[in-house]
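Chains as they are written, first to last, in this note's numbering: chain A, 1 to 306; chain B, 1 to 306; chain C, 1 to 306; chain D, 1 to 306; chain E, 1 to 306.
The set of hints was computed from the structure by calculation and includes no laboratory data. Fair warning: there could be bad hints in the mix.
With the C-beta cut set under 10 Å, the calculated list includes, among others, these residues of chain A facing chain B [to be verified]: (1) A10; (2) D11; (3) N14; (4) G52; (5) N105; (6) P108; (7) S151; (8) L154; (9) A158; (10) A181; (11) I197; (12) S200; (13) G202; (14) T233; (15) G240; (16) P276.
Straight-line Cα separation of at most 30 Å, BS3-like style, residue types lysine-lysine; simulated pairs [said to hold, decoys possible]: (17) K123(E) to K103(A); (18) K129(D) to K129(C); (19) K224(E) to K29(E); (20) K123(D) to K209(E); (21) K29(D) to K89(E); (22) K129(D) to K89(D); (23) K29(B) to K215(B); (24) K129(B) to K123(C); (25) K103(C) to K215(C); (26) K130(D) to K224(E); (27) K246(C) to K30(C); (28) K103(B) to K224(A); (29) K103(C) to K224(B); (30) K129(B) to K103(B); (31) K103(D) to K130(E); (32) K123(D) to K29(E); (33) K89(E) to K30(D); (34) K130(A) to K129(E); (35) K123(B) to K123(C); (36) K224(D) to K89(E); (37) K103(A) to K209(E); (38) K251(C) to K103(C); (39) K180(E) to K246(E); (40) K129(E) to K129(A).
Quick reminder that beta carbons are idealized off the backbone N, C-alpha and C, glycines included.
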Amino acid sequence: MTNHDIIVPADVPNSMEQEFINNYLLITKKRQRLFLFSCDQKIEHLNNDFYGADIHSDAMHPEHLFRIAQQGTIGALATHLGLISRYGKQYTNINYIAKLNAKTNMVPTNQSDPISRALWSIKQVINLKKECPLNICGIGFTIYFGSEYESIMLEQAAHIIYEAHQHGLITILWMYPRGKAVSNEQSVDLIASAAGIAHSLGSDFVKIKPPDATKVLTSAQLLKIVTAAAGNTNVICSGGSIMEPKLFLEKLYDQIHIGGTAGCATGRNIFQRSLPQAIFMTQAITSIVYENDDIKTVLRKYQIRS
Amino acid sequence: MTNHDIIVPADVPNSMEQEFINNYLLITKKRQRLFLFSCDQKIEHLNNDFYGADIHSDAMHPEHLFRIAQQGTIGALATHLGLISRYGKQYTNINYIAKLNAKTNMVPTNQSDPISRALWSIKQVINLKKECPLNICGIGFTIYFGSEYESIMLEQAAHIIYEAHQHGLITILWMYPRGKAVSNEQSVDLIASAAGIAHSLGSDFVKIKPPDATKVLTSAQLLKIVTAAAGNTNVICSGGSIMEPKLFLEKLYDQIHIGGTAGCATGRNIFQRSLPQAIFMTQAITSIVYENDDIKTVLRKYQIRS
Amino acid sequence: MTNHDIIVPADVPNSMEQEFINNYLLITKKRQRLFLFSCDQKIEHLNNDFYGADIHSDAMHPEHLFRIAQQGTIGALATHLGLISRYGKQYTNINYIAKLNAKTNMVPTNQSDPISRALWSIKQVINLKKECPLNICGIGFTIYFGSEYESIMLEQAAHIIYEAHQHGLITILWMYPRGKAVSNEQSVDLIASAAGIAHSLGSDFVKIKPPDATKVLTSAQLLKIVTAAAGNTNVICSGGSIMEPKLFLEKLYDQIHIGGTAGCATGRNIFQRSLPQAIFMTQAITSIVYENDDIKTVLRKYQIRS
Amino acid sequence: MTNHDIIVPADVPNSMEQEFINNYLLITKKRQRLFLFSCDQKIEHLNNDFYGADIHSDAMHPEHLFRIAQQGTIGALATHLGLISRYGKQYTNINYIAKLNAKTNMVPTNQSDPISRALWSIKQVINLKKECPLNICGIGFTIYFGSEYESIMLEQAAHIIYEAHQHGLITILWMYPRGKAVSNEQSVDLIASAAGIAHSLGSDFVKIKPPDATKVLTSAQLLKIVTAAAGNTNVICSGGSIMEPKLFLEKLYDQIHIGGTAGCATGRNIFQRSLPQAIFMTQAITSIVYENDDIKTVLRKYQIRS
Amino acid sequence: MTNHDIIVPADVPNSMEQEFINNYLLITKKRQRLFLFSCDQKIEHLNNDFYGADIHSDAMHPEHLFRIAQQGTIGALATHLGLISRYGKQYTNINYIAKLNAKTNMVPTNQSDPISRALWSIKQVINLKKECPLNICGIGFTIYFGSEYESIMLEQAAHIIYEAHQHGLITILWMYPRGKAVSNEQSVDLIASAAGIAHSLGSDFVKIKPPDATKVLTSAQLLKIVTAAAGNTNVICSGGSIMEPKLFLEKLYDQIHIGGTAGCATGRNIFQRSLPQAIFMTQAITSIVYENDDIKTVLRKYQIRS
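With the hints as extra help, turn the sequences into a complete structure.
Next comes the structure, spelled out in structure tokens:
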């Protein structure tokens with residue numbers, strides 16, 4: 001990959017083009033792919049993703065996330081800016097994606113449509129990046145489109161993307177259709193629309209849930225529609241709840257090689273395991289995303305059996 | 001056409017008058033008409049306008065819009081600023097109209113009245129125009145009047161028009177009556193009112209849906225009331241869903257020559273076709289809008305038959 | 001009238017006192033009265049006031065308003081700043097009152113209480129006044145008190161009045177009680193309250209609807225209560241729908257000479273007529289408001305009969 | 001009283017301490033008491049407090065308030081900044097308290113909870129004070145706590161108090177429990193809470209309605225709880241509707257001497273009378289508040305009998 | 001304890017690191033624990049916490065809080081900035097935590113979900129700290145998560161924490177799940193989630209209510225889950241209503257020694273007593289929190305019996 005393969009959006013000023021390319025190369029490891037270790041659940045899903053019957057007790061402690069990020073082989077750790085500031089001075093060599101908005105999952109959609117506001121600004125991200133200094137390579141923002149409050153989130157996202165690009169930061173949108181008006185959150189139509197909206201907002205990456213399979217097509221096959229709709233915006237699929245490693249890795253492999261996605265955004269499938277197992281998992285994912293190993297090699301190399 | 005035929009609104013400062021005239025001449029091709037290639041549907045209509053049974057597969061890929069704009073013969077491409085930033089560096093010779101607000105069509109009016117907020121500012125448009133540089137000649141903004149939230153959109157539109165004119169940019173309002181209080185969105189009364197509101201807000205152009213025909217008058221005849229109500233604001237009609245080329249071109253011809261409109265805002269009737277057919281369609285429209293050919297000449301020249 | 005008869009409010013800085021007095025003398029023609037040609041209906045009443053069975057076809061064209069203002073004998077033309085900017089460069093010798101907020105009349109009160117937000121700022125008014133230059137002598141703003149949203153309009157009005165006075169501009173409030181909580185919009189109690197609120201907000205003029213007559217008192221007699229409540233704020237009555245000229249002029253005469261109002265705010269009774277008739281009407285009104293002719297003289301001079 | 005008896009709050013900068021003390025001494029006449037002539041009713045109560053069967057016709061004219069303030073013996077006149085600006089240049093020797101927010105009483109609580117927003121800023125108050133110049137000694141602001149919108153009023157009040165103190169102005173909060181959640185607006189619990197909230201917001205004075213008497217304690221006795229809860233914030237009681245002078249003065253005397261309040265906020269009991277009677281009333285109140293006469297002396301001195 | 005034991009978050013600039021450490025050491029008395037004298041109830045609980053059958057009459061007077069803080073042995077006094085400004089000049093040697101938002105408890109959750117807005121800014125805190133000067137060591141802010149308005153409070157909290165850290169101030173979040181969507185406010189799941197959210201927002205301390213005991217585990221045992229979820233954010237438990245001293249102290253002891261909390265936030269259990277008893281209580285709490293005495297020693301030393 002050369003610099004010429006990287007899409008530098010027009011809202012990156014010429015003076016920041018090299019900074020943008022550096023950030024892009026850091027998290028994609030010069031392979032046009034991204035393995036995002038996605039860890040914003042302490043606000044989004046409360047403590048439920050970190051403590052419970054099927055969750056290793058290592059996950060109780062938030063520092064677990066930073067230990068995995070440091071000792072594992074991820075592309076970047078995405079988490080809220082506040083959490084980065086709690087551990088940043090001890091974990092200075094991690095690539096960070098600062099998640100800038102948040103909401104809890106407590107208010108059900110039939111009570112009130114979802115709204116998630118920006119908690120931090122790009123100016124604050126840049127200050128933190130320079131002052132500490134920290135490898136903050138980009139930012140994340142969630143939009144619940146189809147919500148009665150989508151206009152607020154669309155507005156904040158557009159401004160944040162523009163400002164991020166002004167400073168050479170990479171942008172990732174978490175795009176979820178949600179609200180009283182949404183009946184099927186994972187229909188391929190809505191997931192492809194999610195990709196198209198993120199693209200129209202000018203984002204470099206879009207994180208979506210993989211579409212539900214239909215009677216005739218698998219989820220990975222349907223992803224082709226999604227990655228087409230995303231244009232030159234890179235699509236990464238979120239991992240969802242923990243599942244058997246073999247199944248998880250095969251699914252990821254197909255998303256990339258059949259669906260045309262540019263990597264993954266994985267959290268629970270990594271951090272709900274013990275530190276050694278979590279690190280092991282990041283290596284297996286890296287094998288698929290960055291080393292481009294075929295799935296049999298990956299499973300054999302990591303001795304994963306169902 | 002001389003500069004003296006161009007209405008320069010009073011909120012264009014003297015120092016920006018030439019810039020305004022240049023932008024006006026660029027998109028009207030010195031013929032007081034505008035053929036706007038209108039492409040904001042990836043957010044407004046989701047992926048539904050880009051993928052489906054009757055849509056050519058070229059339309060799946062967002063770059064299709066830019067290819068048509070570059071290889072076809074349009075006046076300007078209107079699309080969201082974020083999408084412009086994704087392709088701007090590769091397509092620097094297109095005339096752009098930056099669409100500044102957006103909403104999805106997911107929340108039905110009977111659930112909540114429509115609201116579409118500004119996602120980008122004139123300052124950002126100007127920065128992008130100068131930095132890249134890009135031929136951004138003007139801006140677009142949608143108002144849903146009759147909505148319970150119309151006051152927010154009226155406020156943002158008025159400020160954006162004022163600021164755009166301060167920088168010599170052309171303004172186009174998408175004016176749609178919509179909300180629980182609106183029973184007939186295409187009655188001539190409301191369409192003429194749409195034109196009058198846009199005019200009162202100081203806009204250079206207004207994009208409306210053509211009024212429904214009545215028992216005694218055709219839509220094109222009723223457009224006379226609309227273009228009168230618009231004063232010196234230019235009226236352009238949106239094209240709506242795809243239809244047979246002959247029908248589409250005859251309709252457009254009548255809008256201009258009977259209704260007194262100043263051109264068209266066409267999207268789906270162009271981009272839902274293959275690239276060659278789409279380019280062909282832009283040429284036929286150009287023949288009507290800019291070359292002022294009579295309809296028989298146009299149909300013959302492009303060998304279009306029903 | 002000398003300068004000493006003019007109330008210069010305390011929020012006009014000393015350096016702007018002469019500017020305020022000049023503006024005041026311009027629109028009152030040194031006679032402490034104001035004939036406001038009130039033309040904000042293209043947004044407020046949609047196209048319904050400009051096209052229809054009983055409306056002359058001249059009214060279809062927005063420029064009609066400017067032609068009347070230029071060729072007639074009004075004190076000032078009140079209309080939205082956007083409309084002023086569309087015609088300002090061709091009509092530089094008109095005295096303008098820039099109407100700064102707007103709403104349509106589409107959402108009924110039983111659906112949602114009225115809200116009209118500021119669309120333009122005093123800073124924009126001043127820029128336009130100086131750059132073009134234009135004779136913008138003052139500003140207008142509507143408050144719907146009794147609405148659930150009154151606090152937003154009260155806030156914007158107070159700031160706009162303060163800022164207008166800081167720049168020596170005259171202020172006129174359109175004061176209408178409206179909302180689910182209002183049963184009789186034209187009771188003298190509410191109309192007098194309207195005057196008192198405008199006075200408490202520091203406005204120079206207040207435009208109200210004349211109160212409904214009671215069993216014992218005429219509307220003009222009841223206006224005495226209103227003009228008392230207004231203190232040193234000048235009261236002008238809005239004209240309402242078109243009526244027979246004789247009736248209209250007699251009513252206006254009584255409002256001034258019995259009710260103690262300081263002039264009128266007339267729109268439809270002028271612009272719904274042909275250009276010559278509209279000009280004629282402005283002369284008859286001028287005869288009452290500025291020349292202080294008695295009603296018989298006026299009717300005779302203009303040969304008006306019922 | 002020496003300067004050392006005056007509580008200068010910590011948010012008054014050292015450079016403004018003397019200004020604060022001067023303002024405090026002006027309105028308290030060096031006696032640690034305040035007789036506030038409270039006149040914000042033209043917006044709060046509409047025209048109903050100024051015109052009607054039992055109201056002297058002098059009250060119809062807003063200048064009545066300024067005549068009383070100038071010719072009577074009040075501590076300060078509290079009214080909206082807009083009204084001050086209408087008469088300020090003619091009445092420069094009055095001590096003013098600028099009331100900064102307002103609402104009408106038209107929307108009933110069961111339709112929508114009360115909200116009153118700031119209409120003017122401290123910056124505007126200071127400009128007016130210096131430019132004219134005017135003796136604006138402090139500011140007033142109303143909070144309806146228990147309203148669903150209390151958070152907006154608490155926020156604005158806190159900022160206004162802070163800013164007022166930064167410029168050496170005295171602050172007075174009008175504290176009223178109101179809204180669907182409030183069943184008894186004058187229970188001693190809520191009135192004491194009102195005092196405590198104003199104190200926690202840092203206000204110098206709080207204006208409350210006197211608590212309802214209980215079976216065992218008079219309103220004046222219950223006021224002890226209120227003045228204790230107010231800490232070093234001075235409590236003044238509002239006067240309410242007009243009543244017989246003897247009753248009014250005895251009530252006021254008890255509020256101060258039994259309840260421990262620091263004066264009164266009186267409007268209707270003064271201005272609903274003729275100018276001579278109103279001036280007479282201000283003198284009787286002054287006798288109690290500032291001259292500390294005992295009630296018998298006051299009644300005898302002013303020959304007041306029931 | 002050395003400086004190296006203190007977590008300095010990354011959003012504290014290097015130039016403010018020493019200031020942050022100084023503030024941290026002041027309130028923790030170099031023992032990594034905090035005894036917060038928590039006194040924001042005059043707005044949050046109205047006058048009900050300060051006057052009533054079981055409350056000593058000393059509590060009627062707000063200065064009681066400052067007397068206790070000065071004569072007792074607390075770590076810091078947390079109260080609203082406005083109240084600090086009323087007494088700050090007389091009580092300059094107290095360590096203060098400025099509580100920055102507030103709401104009353106009058107509107108029930110089934111009427112409207114809770115919202116508490118920032119009443120003061122960090123800039124105002126810093127000005128007050130420097131100008132007076134006052135020992136303001138940090139700030140407090142309440143978030144009601146699970147409320148329909150949580151996004152507003154999350155946004156304000158994140159900005160306030162960032163700004164506070166920029167100036168070297170310590171941050172404490174009051175975290176309460178509340179709203180129509182919350183059925184059990186003290187379930188360990190929600191309390192642990194509260195700790196995790198505060199941690200993700202970057203706060204130094206989080207104040208929570210202790211979780212309800214389950215059939216198998218005590219509240220103190222369940223606190224282990226909470227303090228794990230809080231990561232390097234320190235957890236302190238609020239004290240709640242007044243209870244028998246022995247019970248209160250034993251509970252506190254267990255929270256620290258079993259649950260792993262870093263101290264306490266106590267108000268009513270102190271200030272609802274007479275001044276001497278309140279001071280005595282602060283000494284007993286200090287014995288546990290700062291002197292690390294075992295519970296038997298504490299009870300014996302202070303001769304406390306049930």
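Each hint tested on the structure:
Evaluation of the A10(A) hint against chain B yields a held restraint, the C-beta minimum of about 3 Å falling below 10 Å. Because the closest C-beta pair between D11(A) and chain B is about 4 Å apart, less than 10 Å, the hint holds. The beta carbon of N14(A) is positioned within 10 Å of a beta carbon in chain B (closest approach about 7 Å), and the interface hint is therefore held. The interface hint given for G52(A) is violated, since its Cβ lies 34 Å from the closest Cβ of chain B, which is over the 10 Å cut-off.
Hint on N105(A) is violated. Least Cβ distance to chain B is approximately 20 Å, over the 10 Å limit. Evaluation of the P108(A) hint against chain B yields a violated restraint, the C-beta minimum of about 16 Å exceeding 10 Å. At a threshold of 10 Å, the smallest CB-CB gap from S151(A) to chain B is about 4 Å, leaving the interface hint in force. For L154(A), the suggested interface contact is upheld, since its CB lies about 6 Å from the closest CB of chain B, less than 10 Å.
Restraint check, A158(A) versus chain B: the minimum CB separation of about 4 Å is within 10 Å; hint holds. This hint holds: A181(A) has a C-beta 5 Å from the nearest C-beta of chain B, less than the 10 Å allowed. Hint status for I197(A) relative to chain B: holds, with the closest Cβ pair at about 5 Å, below 10 Å. The beta carbon of S200(A) comes within 5 Å of a beta carbon in chain B, closer than 10 Å, and the hint placing it at the interface holds.
With a cut of 10 Å, the hint placing G202(A) at the interface with chain B holds, because the nearest CB-to-CB distance is about 3 Å. Interface hint status for T233(A): upheld, as the beta-carbon distance to the closest one in chain B is roughly 7 Å, under 10 Å. A hinted interface residue such as G240(A) counts as satisfied when its beta carbon comes closer than 10 Å to some beta carbon of chain B; here the least separation is about 22 Å, so the hint is violated. This hint is violated: P276(A) has a C-beta 41 Å from the nearest C-beta of chain B, more than the 10 Å allowed.
With a C-alpha separation of about 27 Å, the suggested pairing of K123(E) with K103(A) holds against the 30 Å cut-off. For the given pair, K129(D) sits about 28 Å from K129(C) by alpha-carbon distance, which is consistent with the 30 Å threshold. Restraint check: the Cα-Cα separation between K224(E) and K29(E) comes to about 24 Å, which is no more than 30 Å; the hinted pair holds. Only pairs whose Cα atoms come within 30 Å are accepted, and K123(D) paired with K209(E) is rejected, the gap being roughly 42 Å.
Straight-line distance between C-alpha atoms of K29(D) and K89(E) comes to about 24 Å, which keeps the hinted pair within the 30 Å bound. A threshold of 30 Å between alpha carbons decides the hint, and for K129(D) with K89(D) the separation of about 11 Å falls inside it, so the pair holds. Our distance criterion of 30 Å between C-alpha atoms is broken by K29(B) and K215(B), whose separation comes to about 37 Å. For the proposed pair K129(B) and K123(C), the alpha carbon gap of about 26 Å is at most 30 Å, so the pair holds.
A distance of roughly 35 Å separates the Cα atoms of K103(C) and K215(C); the hinted pair therefore is violated under the 30 Å criterion. Among the hinted pairs, K130(D) with K224(E) is inconsistent with the structure: their alpha-carbon atoms are about 61 Å apart, more than 30 Å. For the suggested pair K246(C) and K30(C), the alpha carbons sit about 26 Å apart, so the restraint of at most 30 Å is met. Restraint check for K103(B) and K224(A): satisfied, since their Cα atoms lie roughly 25 Å apart, inside the 30 Å limit.
For the given pair, K103(C) sits about 25 Å from K224(B) by alpha-carbon distance, which is consistent with the 30 Å threshold. Between the alpha carbons of K129(B) and K103(B) the distance comes to roughly 24 Å, so the proposed pair stays at or under 30 Å and holds. Our distance criterion of 30 Å between C-alpha atoms is broken by K103(D) and K130(E), whose separation comes to about 37 Å. With a C-alpha separation of about 42 Å, the suggested pair K123(D) and K29(E) falls outside the 30 Å cut-off, and the hint is violated.
Note on K89(E) and K30(D): the hinted pairing holds, with a Cα-Cα distance of about 21 Å set against a maximum of 30 Å. The straight-line distance between the Cα atoms of K130(A) and K129(E) is roughly 28 Å, inside the 30 Å bound, and the hint therefore holds. Between K123(B) and K123(C) the CA atoms are separated by roughly 18 Å; this keeps the pair inside 30 Å, and the hint holds. Using a Cα cut-off of 30 Å, the hinted pair K224(D) and K89(E) holds, with the two alpha carbons roughly 26 Å apart.
Using a Cα cut-off of 30 Å, the hinted pair K103(A) and K209(E) holds, with the two alpha carbons roughly 21 Å apart. Between K251(C) and K103(C), the direct Cα distance comes to roughly 28 Å. Compliance with the 30 Å bound is thereby established for this hinted pair. Taking the CA atoms of K180(E) and K246(E), the gap is about 36 Å. The hint is violated against a cut of 30 Å. Pair hint K129(E) plus K129(A) holds up; C-alpha atoms about 28 Å apart against a cutoff of 30 Å.
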